[in-house]
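Undergrad: Please model the entire structure based on the sequences and the hints provided.
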Amino acid sequence: MGIVSNLLRSGLDVLFPVRCVGCGRSGAYICVACLSKARRPPPSPPPESGPLADVLTAFAYEGVVRTAVQHLKYRGLRSLVPEMARPMAWELAVTVPPPFTLVPVPLHSARLRERGFNQAELLARELARLLDAPLSTGALRRTKDTSSQVSTSTRAERLQNVREAFTPTGGVDGATVVLVDDVTTTGATLLAAAQALLSAGAARVYGLTFAHET
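Under the working numbering, the first residue of the sequence shown carries the number 489, and numbering increases by one thereafter.
Derived by calculation from the structure, the hints in this document are not laboratory data. Think of the CB as a built atom: it goes at the ideal place given N, C-alpha and C, for glycine as much as any other residue. Check each hint, because a few of them may be wrong.
Simulated restraints on C-beta separations [as the list claims (entries may be wrong)]: (1) Pro531 - Arg651: 24 to 34 angstroms; (2) Arg513 - Gly662: 21 to 31 angstroms; (3) Gly689 - Cys511: 42 to 52 angstroms; (4) Val506 - Arg651: 11 to 21 angstroms; (5) Cys511 - Arg566: 18 to 28 angstroms.
TA: What follows is the structure, given as structure tokens:
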């Protein structure tokens, strides 16, 4: 089966060569040249209080990073997931000591049916594979079908938009949890999800995203 899969993949690569979503070079969905230009987000002070112990992110939401997120989320280019997860795994490995449990930020069932997949879950699954870490896709449910955070303009609006949007379902009592998402802006979604996990007994909650929109 592995030989057949490799032959099929080789054939597809000939017909549809892998190209960088940033510059179009063949060989990778995010090429080394474009990735080397990706800017890290400016450092933020550690949270003094609140449900999140820290929020880790790999890149600023611009350039090829923005393009990669949009191709995954809106065009369904799932082959980007391994290349996006690798820098996220590095951020996590050098900051949060194991053991920890990875929990993707869930989509509401209506949004999930519309999109067909949850990009946060795809990233969390790849992180679990890379780091050999436990994954819990059922620790949270999104019970409130919120409007897109892009449609809200202020931090207060975003906090209100996701207020009580998540319901914990258990399985995190005493655990260190890493919430995984693709992009964070004000952090309102991560804050609401972290609060729900802490109410279910999680000991500490971190946020981890591929990009931060400044």
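Undergrad: For every hint, state whether the structure bears it out.
TA: Against the structure, the hints come out as follows:
Taking the beta carbon of each, Pro531 and Arg651 are about 28 angstroms apart, inside 24 to 34 angstroms as hinted. A C-beta distance of roughly 47 angstroms is found between Arg513 and Gly662, which places it outside the suggested range of 21 to 31 angstroms. A hinted range of 42 to 52 angstroms holds for the C-beta pair Gly689 and Cys511, which are about 47 angstroms apart. Hint check: Val506 to Arg651, Cβ distance near 42 angstroms, so the stated range 11 to 21 angstroms is violated.
Our hint of 18 to 28 angstroms for Cys511 and Arg566 holds, since their Cβ atoms are close to 21 angstroms apart.
Hints 2 and 4, counting from the list given before, are not met by this structure.
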